[in-house]
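**Q** These protein sequence lines map, in sequence, to chains A and B.
My numbering applies: residue 1 is where the first sequence begins, and numbers increase by one.
My numbering applies: residue 1 is where the second sequence begins, and numbers increase by one.
You may find that some hints are simply not true.
Claimed, not checked - The list that follows gives simulated cross-link-like pairs (lysine to any residue, SDA-like), each with its CA atoms no further than 25 Å apart: (1) B/LYS137 <-> A/GLU155; (2) B/LYS137 <-> A/GLU153; (3) B/LYS137 <-> A/ARG154; (4) B/LYS137 <-> A/ARG17; (5) B/LYS137 <-> A/SER156; (6) B/LYS137 <-> B/LEU114; (7) B/LYS222 <-> B/PRO167; (8) B/LYS137 <-> A/LEU159; (9) B/LYS178 <-> B/SER44; (10) B/LYS137 <-> A/LEU14; (11) B/LYS137 <-> A/ARG13; (12) B/LYS222 <-> B/GLY184; (13) B/LYS222 <-> B/ARG203; (14) B/LYS137 <-> B/GLU119; (15) B/LYS178 <-> B/SER26; (16) B/LYS137 <-> A/GLY157; (17) A/LYS52 <-> A/THR110; (18) B/LYS137 <-> A/ALA160; (19) B/LYS137 <-> A/LEU163; (20) B/LYS178 <-> B/SER136; (21) B/LYS137 <-> A/ALA148; (22) B/LYS137 <-> A/SER18.
What the hints assert, rightly or not - For the chain A half of the interface with chain B, some residues (derived, Cβ under 7 Å), not all of them: (23) PRO3; (24) GLU10; (25) VAL161; (26) GLN165; (27) SER167.
Said to hold, decoys possible - Below, a sample of chain A positions facing chain B; criterion: calculated Cβ distance under 8 Å: (28) ARG6; (29) LEU14; (30) SER156; (31) GLY157; (32) THR158; (33) ALA160; (34) ALA164; (35) GLY166.
Hint data in this document are derived by calculation from the structure and do not stem from the laboratory.
All C-beta atoms in this analysis are idealised placements derived from N, C-alpha and C, irrespective of residue type, glycine included.
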Amino acid sequence: MSPATRIAREEWRLWLRSRVVIAAALIIAALLAATSVLTINRIAEEQAQRTKQQVAAEETFFAQPDRHPHRMVHYGHYAFRPPPPLAVFEPGVDAVTGQSIFVEGHRQNTAMFADTKAAADLGGFAALTPASLYKFLLPLLLIVLGHAMFLRERESGTLAVLLAQGSSGSRLARGKAMALFSIIAIFTIPLLVVAAYSVALGESVLAAASLVASYFLYLCAWGAIVLGASILIRQRAISLGGAGVRLAMCATRWTRRSRSILAVRSIVRVPPPVFRPLSSRSARTAAARSRMSTPSSPA
Amino acid sequence: MTAPLEARYLSLVREGNAVLDDVSFSVAAGENFALLGGNGAGKSSALLTFLGFLQTSAGEVLVRGQSVHGDISAARSAIAYLPEAASLYGHMSAYENLEYFLDLAGRSASRSDLESAFERVALAGETRSRRLQSYSKGMRQKAAIALALLRETPILLLDEPTSGLDPVAIDEFHDLVKTLAASGKTILMVTHDVYGACQVADRVGLLRRGGLVGSFAAEPGKRIDTEMVHAAFAEREAV
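Bound-form chain A, shown alone:
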């Protein structure tokens, strides 16, 4: 067994013998299981509801009497976006960008039923999902586990003993990093399961792999920050009371803002359809004809 692996193993021994750490890990695992079940149920429900609405909209559309195709265009048609398979983990920007759109000729309507427009800004806490746990609670678990990795050795004097008998600081850091990495790897397993499940339901492999990779890298970045803070900070009070709280606050802010930031970025990148006034004469004429024969008026 390499020294780094040995150090990581001893870190695990400490965690397994610490009730606080066990309790924190169990709470997070229980929350993860509960939110996964709830989110899967909620998404299945939404999927069923949207499919039902889509079927109803199509039945209504096709139940119309025979008309000229151009006139049919003006009657319009509702299109519902079904939740993608990965929504069981992360509903994505659905609540921001809307879930259905009324498609009609000569008009570009905005999407409808964006939940965030009708709700208070609770950020990621509005609906607790497995993704929000990964974004907020797992960094907190990493802070709890890792903030004192080096500090504890320094305070108890074991760091001096380890260094005095030939262990290098970098070897210690590698071992501690390996222990934190193993925690991240364990919490990546549920992600892999979700990704495989989504691919089986028709999600693209690239999207599923991107999801796993991005959350894995996100947690690794937190692990590196926590380990770095533990190496650099020399007092436990500063480490947990100052840096730990600041890191936790950063995690909270990031969780609250990330969805809005991502939604805004996606809108900037791919502008949503907006109403555009018709300018050309022929278009104005077509619009006038359309108004004369609205869906409520007799054909």
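Assemble the complex: chain A is given as a structure, and chain B must be docked to it using the hints.
**A** Chain B only, in chain A's frame:
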């Protein structure tokens, strides 16, 4: 013959304060040398320079004739260090602690090796499987010494080894140090315990405000005169 430990014109400045000023001494093979001094005299700093933990401002620190800063790992591999707090892991048993530290030091020890080391330091059998967080300081000290024994290094550095120990534990510790010295270990001990230093050391150096101000050696077959050292210590501290 090269001395296992040697400080040559050693000076150390930390945060603008002179911690050690032109200190020179050496410890011969098999000798037990005690550096005696009050709080802030620079004893622990002098000891830590041999492990390369502190960068000297001037002078040189040698372990087995080699400059410590030339090859820190070689110096550390020759030294077993016992810090004041007998620092081992509280969440592990004595067995687990020793196995872990020995693994990291690149040494392997069988269960019978561990048992025999515990026997030598008189750590009771039923306590060896208990976690160290339930140990007294004396018991932790014994476990730490067992680790030092198993590393089989020729040099032992002891930092305030009897601080916080009860009189019985101090006596046990002194007996153990004498045994180690008799087995040929080179021992450098820093302490403010005049009586203890005179009991176990072959030579005592008086350190005051970073300077070595006196030295007392035991005559063959005798211990150092405690009264004489105490008087010198009190006199120097009163200056």
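**Q** If a hint holds in the structure, say so; if it does not, say that too.
**A** Hints, verified against the model:
1. B/LYS137 <-> A/GLU155: Satisfied, since the Cα-Cα distance of roughly 17 Å is no more than 25 Å.
2. B/LYS137 <-> A/GLU153: holds (18 Å)
3. B/LYS137 <-> A/ARG154: holds (19 Å)
4. B/LYS137 <-> A/ARG17: holds (22 Å)
5. B/LYS137 <-> A/SER156: Holds: B/LYS137 and A/SER156 sit about 13 Å apart, inside 25 Å.
6. B/LYS137 <-> B/LEU114: holds (20 Å)
7. B/LYS222 <-> B/PRO167: holds (22 Å)
8. B/LYS137 <-> A/LEU159: Distance ~19 Å between B/LYS137 and A/LEU159 Cα, so the pair holds.
9. B/LYS178 <-> B/SER44: With Cα atoms ~21 Å apart, B/LYS178 and B/SER44 stay inside 25 Å; holds.
10. B/LYS137 <-> A/LEU14: The hint holds at about 21 Å.
11. B/LYS137 <-> A/ARG13: Status holds; Cα separation ~23 Å.
12. B/LYS222 <-> B/GLY184: Distance of about 18 Å is within 25 Å: holds.
13. B/LYS222 <-> B/ARG203: Given that 25 Å is the threshold and the Cα spacing comes to 11 Å, the pair holds.
14. B/LYS137 <-> B/GLU119: Satisfied, since the Cα-Cα distance of roughly 18 Å is no more than 25 Å.
15. B/LYS178 <-> B/SER26: holds (19 Å)
16. B/LYS137 <-> A/GLY157: holds (14 Å)
17. A/LYS52 <-> A/THR110: holds (22 Å)
18. B/LYS137 <-> A/ALA160: holds (18 Å)
19. B/LYS137 <-> A/LEU163: holds (22 Å)
20. B/LYS178 <-> B/SER136: holds (22 Å)
21. B/LYS137 <-> A/ALA148: At roughly 24 Å apart (the allowed maximum being 25 Å), A/ALA148 and B/LYS137 satisfy the hint.
22. B/LYS137 <-> A/SER18: holds (22 Å)
23. PRO3: Check passed: Cβ of A/PRO3 comes within 6 Å of chain B, closer than 7 Å.
24. GLU10: holds (6 Å)
25. VAL161: This interface hint holds because 5 Å falls under the 7 Å limit.
26. GLN165: Since the shortest Cβ distance to chain B is 4 Å, the answer is holds.
27. SER167: Since chain B brings a Cβ to about 5 Å from A/SER167, closer than 7 Å, the hint holds.
28. ARG6: holds (5 Å)
29. LEU14: holds (5 Å)
30. SER156: Hint on A/SER156: holds, closest Cβ of chain B at ~6 Å, below 8 Å.
31. GLY157: holds (3 Å)
32. THR158: holds (5 Å)
33. ALA160: holds (6 Å)
34. ALA164: The hint holds - A/ALA164 has a Cβ within 8 Å of chain B, the shortest such distance being about 4 Å.
35. GLY166: holds (5 Å)
Of the numbered hints stated above, none is contradicted by the structure.
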